[in-house]
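Protein chains: 2
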Amino acid sequence: MLSEAREFKQRVDAYLVGLAEGESAQLLQVSNELAPLCEQLRGALTQGKRLRAAFLYWGWRAAGQPDCDGIIRAAAAMELVHAAACVHDDIIDGSLVRHGMPTAHVAFAGAGLGRGSPAAWSEGEGQCRDQPAALAMMLGDLLMGYAGQVFATCGLPGAFVARTTPLWSTLLRETVAGQFLEVLRTGGAVPKVAESLEVARYKTAKYTVERPLHLGVTLGGGSARLLDAFTDYGLPLGEAFQLRDDLLGTFGNPDVTGKSNLDDLRDGKPTALMALTVSLVSDDDRQILAKTVGRPDLDEADAARVRDLMVDCGARAQVEDMIVERLALAQRALASTPMPRTAHNALRDLATASVDRPL
Amino acid sequence: MLSEAREFKQRVDAYLVGLAEGESAQLLQVSNELAPLCEQLRGALTQGKRLRAAFLYWGWRAAGQPDCDGIIRAAAAMELVHAAACVHDDIIDGSLVRHGMPTAHVAFAGAGLGRGSPAAWSEGEGQCRDQPAALAMMLGDLLMGYAGQVFATCGLPGAFVARTTPLWSTLLRETVAGQFLEVLRTGGAVPKVAESLEVARYKTAKYTVERPLHLGVTLGGGSARLLDAFTDYGLPLGEAFQLRDDLLGTFGNPDVTGKSNLDDLRDGKPTALMALTVSLVSDDDRQILAKTVGRPDLDEADAARVRDLMVDCGARAQVEDMIVERLALAQRALASTPMPRTAHNALRDLATASVDRPL
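Keeping their order, the protein sequence lines are chains E and Y.
The opening position of the first sequence corresponds to residue 1 in our numbering, with each subsequent residue numbered one higher.
The opening position of the second sequence corresponds to residue 1001 in our numbering, with each subsequent residue numbered one higher.
FYI, nobody ran anything at the bench for these hints, they're computed from the structure.
Hints may be right or wrong, so weigh each one.
[What the hints assert, rightly or not] Here are the simulated SDA-like pairs of lysine to any residue, each with C-alpha atoms no more than 25 Å apart in a straight line: (1) E/192 to Y/1035; (2) E/192 to Y/1033; (3) E/192 to Y/1028; (4) Y/1291 to E/112; (5) E/192 to E/305; (6) Y/1192 to E/36; (7) Y/1192 to E/111; (8) Y/1049 to Y/1192; (9) Y/1192 to E/113; (10) Y/1192 to E/112; (11) Y/1192 to E/30; (12) Y/1192 to Y/1030; (13) Y/1291 to E/305; (14) E/291 to Y/1112; (15) Y/1009 to Y/1049; (16) E/49 to E/113; (17) Y/1192 to E/31; (18) Y/1009 to Y/1051; (19) Y/1192 to Y/1296; (20) Y/1192 to E/33; (21) E/192 to Y/1029; (22) E/192 to Y/1032; (23) E/192 to Y/1031; (24) E/192 to Y/1036; (25) E/192 to Y/1030; (26) E/192 to Y/1112; (27) Y/1009 to Y/1258; (28) Y/1192 to E/29; (29) E/49 to E/19; (30) Y/1192 to E/32; (31) E/9 to E/356; (32) Y/1192 to E/19.
[To be verified] Footprint (simulated), chain Y over chain E, 3 or more residues, beta carbon under 8 Å: (33) 26-40; (34) 149-160.
Just so you know, even glycine gets a beta-carbon here, dropped at the ideal spot from N, CA and C.
Next up, chain E with everything else stripped away, as it sits in the complex:
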């Protein structure tokens, strides 16, 4: 099983790297000045766990369909959506690092792009527009454009693709909706657990697990019953995934997770972890949180204090419990759903791997 999972990831990786190379060649025909865009395009497509691709692929296999190249390309399209979402998300969150590499807007800034050259004819020091972020926004737009194209031309029969188009729209709509709600609530009023989980449902559970599975099932002509079963599996698993992400975002070791463990706190991200902490601490400690969380200059010592509060009040342990409960729900839904054994085993292992990520 493990080797099949590894082989799947390699095939998706190979397709996406090939796409990046082909597109880069086209972009460089437009202008050599687009080399930094090509470099970031390649970077955006060579990283990632390929989880969303895997859920789509195993949805297809669960529907009884055989492995083929077309489904690999359809799965890769999910990764293009994700790559686009990550680039835009990193701009919004002001994230500096992803997968241990500078994020696109940081890389563009580091390459000295878009700030005006020393020979600038306009000495507009007062310019406050963030051009590196604008360049990264363009990269995300390009990736999003490719996503729809790769999915539409994946090579599976046209009738298969045609019956999934409403779902593809749904996936985009829900993902944007979840992200929109998160931005609305970030740095705003005191977060509530129910609201955090609502954002997680749209931004992560549906987008990362349920909808990719549904896309695979629908491409493969699977039953309504299978779709329902994957909702029962996907939503709790996706919430567990987000809750683990929240823990990693504050308690993770950046060398292991490849991303900052300060950004969520600096942004005042309304995670369930934070909502629980706010609800469990004393009034005095809540004052400390209010003064610390959401400050762009929050430092390591501030973070350490917040982490201590999260542990001491029991919020961290409670989030761990929520993860365990949700993983169990997902595995139970999976166990009671008939499907080919290889798909069943793959989805069981994917569930565990999604949630048991090292801090």
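Dock chain Y against the given chain E, drawing on the hints supplied.
Below, chain Y alone, put in the same frame as chain E:
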């Protein structure tokens, strides 16, 4: 002819308004908090000249195909790409007004959504703390997602759509490339006319005229000769369109154009108009330009001084001449290309209407 053009616009408008209503209903099922997103979605889809849709439609008709609902939807997809591009472009340019209405990020800020001011996309090193801009970025992503879907499911035969997918990718790639190059060069080194026209070729000429025509021709199974003819028509016409846009962006009456006549100057946009002006003025006047253009606090008096320089040095008149030359080239290419008379007349009138926009 005029009434046919008006009827075409009404059909595209009706389709897009219907789409906005359907999608809004779906978004509100997710959360009532998405009402402002729905409002901006509707706003983004109820405005515009529908030029890009018209070029796609008349490319189809030029290929000898009959009017039908499928081609209206394919044409509307071009407007979705454009709506997405406008929303993101307005963030990048810090534009406050489009079509006489607040731009999306300004509207979100005005509705008190999120922190941050619309004038500042960023407050710090690579960080976007401008939540209204983040919300607008999501709106653009949603529109871009719809675009691919509407095109793929326009209702024309699958084989027709399938043969246009490489072109659709090309359109996205060239548009992003043009925008990327423009951002790289904005507020940077002294603009050169050739570079301005290169940006205009990708950002406007191909995207607004040539590629929509090619999409329509390819959907309709038109000849390679027709594609070439539309390159000869589209590129000069698109450049003329951009040159007119540059004039409107500085000399236009905001009450007529629906947009600011200060933004291009404040952003230090490397337009051909500005490049010509810089090359034609005296050294002293070039100093004045260097101190004025690209300043976010450039005011009406500064703008008036720059406008006077543009007129006095002959740059404005030269740009007018460039427009006339390019329009003539386009009309000549059209005149020598065999196609049904209705298509010919429509494209002749569209060329004039694209370029003869009132100041």
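Evaluated hints:
1. E/192 to Y/1035: holds, 21 Å
2. E/192 to Y/1033: holds, 15 Å
3. E/192 to Y/1028: holds, 21 Å
4. Y/1291 to E/112: holds, 23 Å
5. E/192 to E/305: Given that 25 Å is the threshold and the Cα spacing comes to 21 Å, the pair holds.
6. Y/1192 to E/36: Cα-Cα ~22 Å, so holds.
7. Y/1192 to E/111: holds, 23 Å
8. Y/1049 to Y/1192: Distance of about 30 Å is beyond 25 Å: violated.
9. Y/1192 to E/113: Given pair residue 1192 of chain Y, residue 113 of chain E holds - Cα atoms ~18 Å apart, limit 25 Å.
10. Y/1192 to E/112: holds, 20 Å
11. Y/1192 to E/30: holds, 18 Å
12. Y/1192 to Y/1030: violated, 49 Å
13. Y/1291 to E/305: violated, 48 Å
14. E/291 to Y/1112: holds, 22 Å
15. Y/1009 to Y/1049: holds, 8 Å
16. E/49 to E/113: violated, 30 Å
17. Y/1192 to E/31: OK: residue 1192 of chain Y and residue 31 of chain E at ~16 Å, within 25 Å.
18. Y/1009 to Y/1051: holds, 9 Å
19. Y/1192 to Y/1296: Given pair residue 1192 of chain Y, residue 1296 of chain Y holds - Cα atoms ~22 Å apart, limit 25 Å.
20. Y/1192 to E/33: holds, 15 Å
21. E/192 to Y/1029: holds, 20 Å
22. E/192 to Y/1032: holds, 17 Å
23. E/192 to Y/1031: holds, 16 Å
24. E/192 to Y/1036: The hint holds at about 22 Å.
25. E/192 to Y/1030: holds, 18 Å
26. E/192 to Y/1112: holds, 20 Å
27. Y/1009 to Y/1258: Within the cut-off at roughly 19 Å; holds.
28. Y/1192 to E/29: The hint holds at about 20 Å.
29. E/49 to E/19: Between residue 49 of chain E and residue 19 of chain E the Cα gap is close to 18 Å, so the pair holds against 25 Å.
30. Y/1192 to E/32: OK: residue 1192 of chain Y and residue 32 of chain E at ~17 Å, within 25 Å.
31. E/9 to E/356: holds, 18 Å
32. Y/1192 to E/19: violated, 33 Å
33. 26-40: Per the Cβ count (7), the hint holds.
34. 149-160: Three-residue rule met by the segment 149-160 of chain E, so holds; n is 4.
Of the numbered hints stated above, those contradicted by the structure are hints 8, 12, 13, 16 and 32, listed in ascending order.
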